[in-house]
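The listed protein sequences derive, respectively, from chains C and S. The opening residue of the first sequence carries number 29 in the numbering used here; numbering runs sequentially from there. The opening residue of the second sequence carries number 35 in the numbering used here; numbering runs sequentially from there.
Hints listed in this document are in silico derivations from the structure and should not be mistaken for laboratory results. Hints may be right or wrong, so weigh each one.
Subject to a maximum C-alpha distance of 27 Å in a straight line, what follows is the list of computed DSSO-like cross-link-like pairs (lysine-lysine) [as the list claims (entries may be wrong)]:
no., chain 1, residue 1, chain 2, residue 2
1, S, Lys-91, C, Lys-91
2, C, Lys-31, S, Lys-91
3, C, Lys-126, S, Lys-91
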Amino acid sequence: SQKIEQNSEALNIQEGKTATLTCNYTNYSPAYLQWYRQDPGRGPVFLLLIRENEKEKRKERLKVTFDTTLKQSLFHITASQPADSATYLCALNTGGFKTIFGAGTRLFVKA
Amino acid sequence: EPEVTQTPSHQVTQMGQEVILRCVPISNHLYFYWYRQILGQKVEFLVSFYNNEISEKSEIFDDQFSVERPDGSNFTLKIRSTKLEDSAMYFCASRDREDATNEKLFFGSGTQLSVL
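Construct the entire structure; sequences and hints are all you get.
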């Protein structure tokens, strides 16, 4: 079955630095991959989508890369701020009406 | 910005009781979903719904679960006989349409279900 792996350990970084989060997947070749943000007690909020024919996508301070050979996506937040502290989820559509999520990586940005 | 609305925000029930979780998806959306998240765990897919029928469901979504769109605006999840392990945050989500520019899901704030 399809599997998504994200670094389960929390990532602690200093304000102003770049945060890099990793998403690896197996047993699947998705047409696109999504990243969501989830704050405690809240639903996930969509951030970015990248397609299999795109190497990189940017939105403001966010950047996503997609390597279909490595089956990996990297999510970068540049010039990080304490307000960026949250859990970031990687998500794949499995080809039909089902989108599955990774367990997420918690990011803490210290002032 | 339009949003997905879920009620109630918290629901406490006794084991074996039936519960109905309610959602109002974004008005022009066509695809509807339920997910759940047990405390400290990942967001898990339960079911997707399109054109008044289930499109796909997970192994979690057994005979105790059902979904319904009783009118043009509400989307409900029913659990017939709740178990302790059904305790979780349940999220409703909706999506615009099946085209190459609208794959993103819009989530509600969730209903925290506690089964005692």
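Of the numbered hints stated earlier in the document, which are not met by this structure? Violated hint: only 1; rest satisfied.
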